[in-house]
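A.B. asks: Letter by letter, the chains look like this.
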Amino acid sequence: MAAVSTLAERLARGEAIDVRGDGKAGGGLVLVMQSFAAALARESSLAVHEWPLFSSARRGANVRAFLRVARGQVEAACQVIEPDVALLMNEAAGDEIDFAEGTGERPAIYVLNTRATPEQAAARYRLGGRVATIAGDDLGLEHLGRPLGNIALLAALVRATELVDPARAREALAGNLAKRRIPGPLAAANLALFDAALARAALRDLPLSPATSHPRARFVSYGPLPVGAQVALRTSHARRTSGYGRPGIKIEFADPGSRCNGCSLCVAQCPDGIIQFTADPKRGAIVHGARFDTHCKGCRECVTACPLDLFREVAAVTRPEGATGET
Amino acid sequence: MQSTARRLVPPYGATYDGSVDLGALRAAHRPRYLERTRKAVDGNTAAAIPFLQWWRAAILAGFPITPATKWLEHLAAEVAAGPSPGKRVKLLESEHAVADYLAGVASACRGLVVGTATSSVGLDHMTESIRSLGASGLGNVMVVDVCRATANYPLCIEGDPSDLLAHRDDGFIQVACRGVQQIYDTVLQLPAIGMDPRVLTPTMPSYYGIKDSHRSGVLVVEPDREVNDFLDDALRAAEGASPVVEDFLATEGAAHPTPPGLLDGDTALGSCATSDWFQGFKLAQKQRLAAVHQVMGEVADSFEARFGRPGLRPLELIGFADAPEIALVCMGPDAGTAIHLLGRIREELGVRAGVIAIRLVTPFPSAALAAALERVTAVGVINNAHHYGRGHLTLDVEDAMAGRPTPVEAFFCGLGGADVSTSTWLAIARTTAEAAARGRAGRRWRMVHEGLEIGGEDLR
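Protein sequence lines correspond, in order, to chains A and B.
For the first sequence, the residue numbers in the numbering used here are 1 to 327.
For the second sequence, the residue numbers in the numbering used here are 1001 to 1460.
Excised from the complex, chain B in its bound form (with noise of 0.2 Å):
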């Protein structure tokens, strides 16, 4: 280094700024939507519209794999049918091309907003790049979880979120929609979240495969002035909340060694750390992670504000009005049907129950969770995914709730997408309300179908 003089600078690394004309990407941006519109779509299509609708998404990539195709294809099939300036869709050569052609594309300019979509073993093909995309700094870059079985065995095409939450290290902020308007509303607040100076942090909005992805209904676009103002405004309201760094390269002599292999301040790819420093890397990634609580309650407010609908908060609680005495903590959606069934349960099992909703799946709610459990006397969690032990939900929720007496029934249902029945929904609620009587769990785990209990695991 010449300069022995300390500069400031942010602290996620070098930012090419002018290699993209963002000013002549905007201008040249032809809105698909200029006004409020009504549709029929899928969960895939609602997953792609906002790419269609932002400036800021200029470049999107992707690979098909079963049940995310139609996000893909969408997109081409727009693209290809009307004069897009300034989009580009690529189909690659395989998920791990995705990836880095995501993460290249994001780091070159961080102003666009990059996206991809892909499910199961196609999410697990691009674990080595997306481990380090979630750690590199960059929030503009989405991956769309169409959530499928995955490591499976034997092969399954439909919905759970295995995929999801085997990745839940990698770094993203994860979060598990239901219903189109959910989808495409989640969508189009994860960038002002993610790319938010405190956050630093990519995104994977979640839904599950075919009961979500191959599910239409009614979804309500917003007019893309509207969209892109939306989170023109909330990186601009942003900005003032980056907290700037020195900059260490510049500070010869200073306390700490320069570290090896950081080439200009970026810490976003192909750099290596040695052990002086790796684990701080990591600390200031958790702390990044953590800052998404408030961050996303922000958006959620200012999302509310200019649409009228209900902003990404990090759970869904129904029946919650009336203090339940049990709670029913799921994810996906199967969510839904629990919560069409709230009155029926609370009539057949005479108990009040509410339904939590996951939406935030990582970083995990625990603080909400914890506060919202508070005066409930049995909490039943439904685990969709194959765990080792008693459910990826099931250990978050204990975690949330450590040091209290409240029983925890573990439900393991709905693997590789099967259906979660009325039948099922009832046996759950039946069995956390005998929880909720006797004071403690019956069983470790327990695997429901069709409101047979086909087999668990009991308490040791």
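Extracted from the complex, chain A is given alone in its bound form (with noise of 0.2 Å):
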């Protein structure tokens, strides 16, 4: 599999290398790409540019960055659509969209945040070309204390890409935890992680095929958007809401002595507007669930408005223990 000398070859030829990442608010993206951006960037022929896409969503909502680097200069402004490299930072992020789309026509080199050896990632994703994973999350438990799995997804996209040296790649994280202000013992505790990590990420050179393929899906039109359509977007059930949840934790509804008092305050809080309820001319809406599981962000607005507390916050898994594709 020639696909990392290309990429250097090409980029040696004065083309331009697109990098492409998608997680979740608060992982760590951006660290990431600006980490691996300083580190292209200390070589000075080369011109970097950086960038996220992010919207006026929360914690726990699907974030994608960008990284597009050349020989001289970057002009083209335009978003990444087909990548050289697509990382997956958080595979709840994967669940909601596909983070290879757009690859496959050529060898992509694919890095993910994941327990999944690289056969069984490129068995969940379809991917063909290299494939380097990380179980970046027991990384950051090990040495953060946190399950942090950025740090260890930068160190495996260097060996991946292979177009930085390691070393130089360390620098500039170190560099990039100064900026932002990361205390000694903690900047020290990435840095080991990151030595970990080069070690321990596992890389396989696999086959293309048909089914690796993935073509980009082409814009058809907006359709009719009637005045308030932004508020059947935001709180339509046809839209799966739940990945933006603040991973680890979800939301129960338990009323076993059917003590709902019909108060409607959860049914006015939630957001999404997913508060299941029976309306009772007497007592007025009696609650009896919600669409945790789809649509549930766990913003805790039904916990704090519920005068029984007949909702609460729990600990929960968002992706199966090993996530091995066959879920």
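To be clear, the hints were calculated from the coordinates, so they are not data collected in a lab.
There may be inaccurate statements among the hints.
Unchecked claim - Which chain A residues face chain B? A few, computed with CB under 10 Å, are given here:
hint : residue
1    : V48
2    : V74
3    : F277
4    : H288
Built from N, CA and C at the ideal position, the CB exists for glycine as well.
Hey, can you piece these two chains together into the complex? The hints should help.
C.D. replies: Dropping the structure here:
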């Protein structure tokens, strides 16, 4: 598989290399891109642009980030739609979108934060070309006490692309941690994590096939957008919004004693309109549940609003253990 | 008035000389950059760095709004982190308060440079104050507009210049930038233009939110000494250009009545004038704004001589070496994509295409544009902001080309920060080439996304 030398050769020929990453807001994707960009920019003949795409979404929403590198100058400002390198920072983000979209025409490099092996990840996401995986969340827990996989993903990216010397990437990461005023001991723990991840990232070069092609869906039209359609977009139950949820928690409703007093405060507060109730002419809105699994973002408005504490937040695993492709 | 003797005063009213000891402020400045430095920064940081470097930028103010917040955060963090004698960063209670605060500081001492950064409804919230500021003569005020869709329904926090274009009559010199170097270099040059006695007009550099505010690239930062000498030298050189006029408060029995509400000749703030005078002030304001074209050229020349990079010019012309047949007129970051695609457009469509990126948005460089478009056979104008008709830029381009038969195709794309893809640029170039072949525009306007014409209006 000549994917790696092809990347470097294309850069040398004056072509631009496009990188795209998908993750969840608050997951550290931007730090990955900034550190990789800083490492590339140490080569003064290279111009590097790096930018995130985000909107008015909170922690837990899908986010995307781009990087474009070329010799001399980078003029093109359009989004990366056919990436040479595609990153998946968080598998929950991969449930919402095809992180590999636009790849498969030519060998691409995929870098995933997952416990899966490259073969398992390739089967799950239909990948051909170079596939690198790293159990970044586990490394985060080990070194930082938190399931943060971004530094490990950076290490896997550096190894898979072979565009920058790992030592230079480490220096760039140290610089970015300092820029963010990360305290010394925490910065050192992050750098130790980076070193461990460099050693632990798994790489495989896998064959391309028609099944590993991810052609981009062609834009057709916005469709009719009548006045107020944005409210429908926001609250439409046809759009799964639970993917925007905070990882690791979920909200539950339990009312075994039929205590709900019909006050409807939860109904009024829920930003997604997913509280299920029966209208009782005398007692009000008698709540019996909500569309938690598909639409709850875990904002806790209902937990706060309910005077009888019928809603509660509980720990939840957003991905099945291992995430090996059968789910 | 006691005195009947005529005094001569500069036209910008009271200057409160001595309110701030500029010499002491200058001496107290601790340089941030001692030598030319390459560093990876995003657009907001690039726009903030000059304010750390200028000894004249003693007081900075702001109120956070996405995507402009990092401008304020960067300044606050840098000022808090190191010894910064004479520098204060003020977080105020709203954008309206910020604009009033800027006016107060700027009029208290016209040797200072005072600035803020805002976006969208933040700029809208400043409107009451900045429309006065625009006419005030306070060229030492800079409002950095990090463009974001404004007055929007539904809410969208991404970048399009509808805020900038909604504020064209506020009286500011408005400049569009793309990329960190252009942003930094523009901010460095603007006070030299705005504070020039012939201009005395506040400035509004702008760049698109997210697409440029959050895009990082490598920036060359000039040393503080050069940055400050550049502005000091420009202001010193411009001193002689100040048109001194008669102090009409001191002309008892003169032909003109004493304008009511003028305090000590101060035309800056809080004064009112009747219809006897109002439009005279507006005429003077327009004349000061018109002087920008001359002064900007002088400032750009001296910038190029000192720093060796392109100075701030009203237009960026790309692909104009061989008299292009069609021109694509646009602004902002997406111009870069068009420039990147020029070779491919020429190859695939078999037409010599050129790109014009508008830098000076207000006052619009009509003469320069008309000259650049003299030999083209069709123009495509790319508008990134919602407009009731053919687009803000289209109206200006057509005005510049008044009396010519050259067809002008009007396009909308990139609204609310939507991606302007390669396929969109190719479609725009193809449609413009067709207008050139046909000799007239095909439609009144079209909206294009991902290479598809998704809407438009036919010619009547």
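A.B. asks: Give a verdict on every hint.
C.D. replies: Going down the list of hints, with the structure as the test:
For the restraint placing V48 (chain A) at the interface with chain B, the shortest Cβ-Cβ distance is roughly 7 Å, inside the 10 Å limit, so the hint holds. Interface restraint check for V74 (chain A): the shortest CB-CB distance to chain B comes to about 7 Å, inside 10 Å, so the restraint holds. With 10 Å as the threshold, the beta carbon of F277 (chain A) stays out of range of chain B, its nearest partner Cβ sitting at about 27 Å, so the hint is violated. For H288 (chain A), the interface hint is violated, since its Cβ never comes within 10 Å of a Cβ in chain B; the closest pair sits about 32 Å apart.
When held up to the earlier numbered hints, the structure conflicts with 3 and 4 and fits the remainder.
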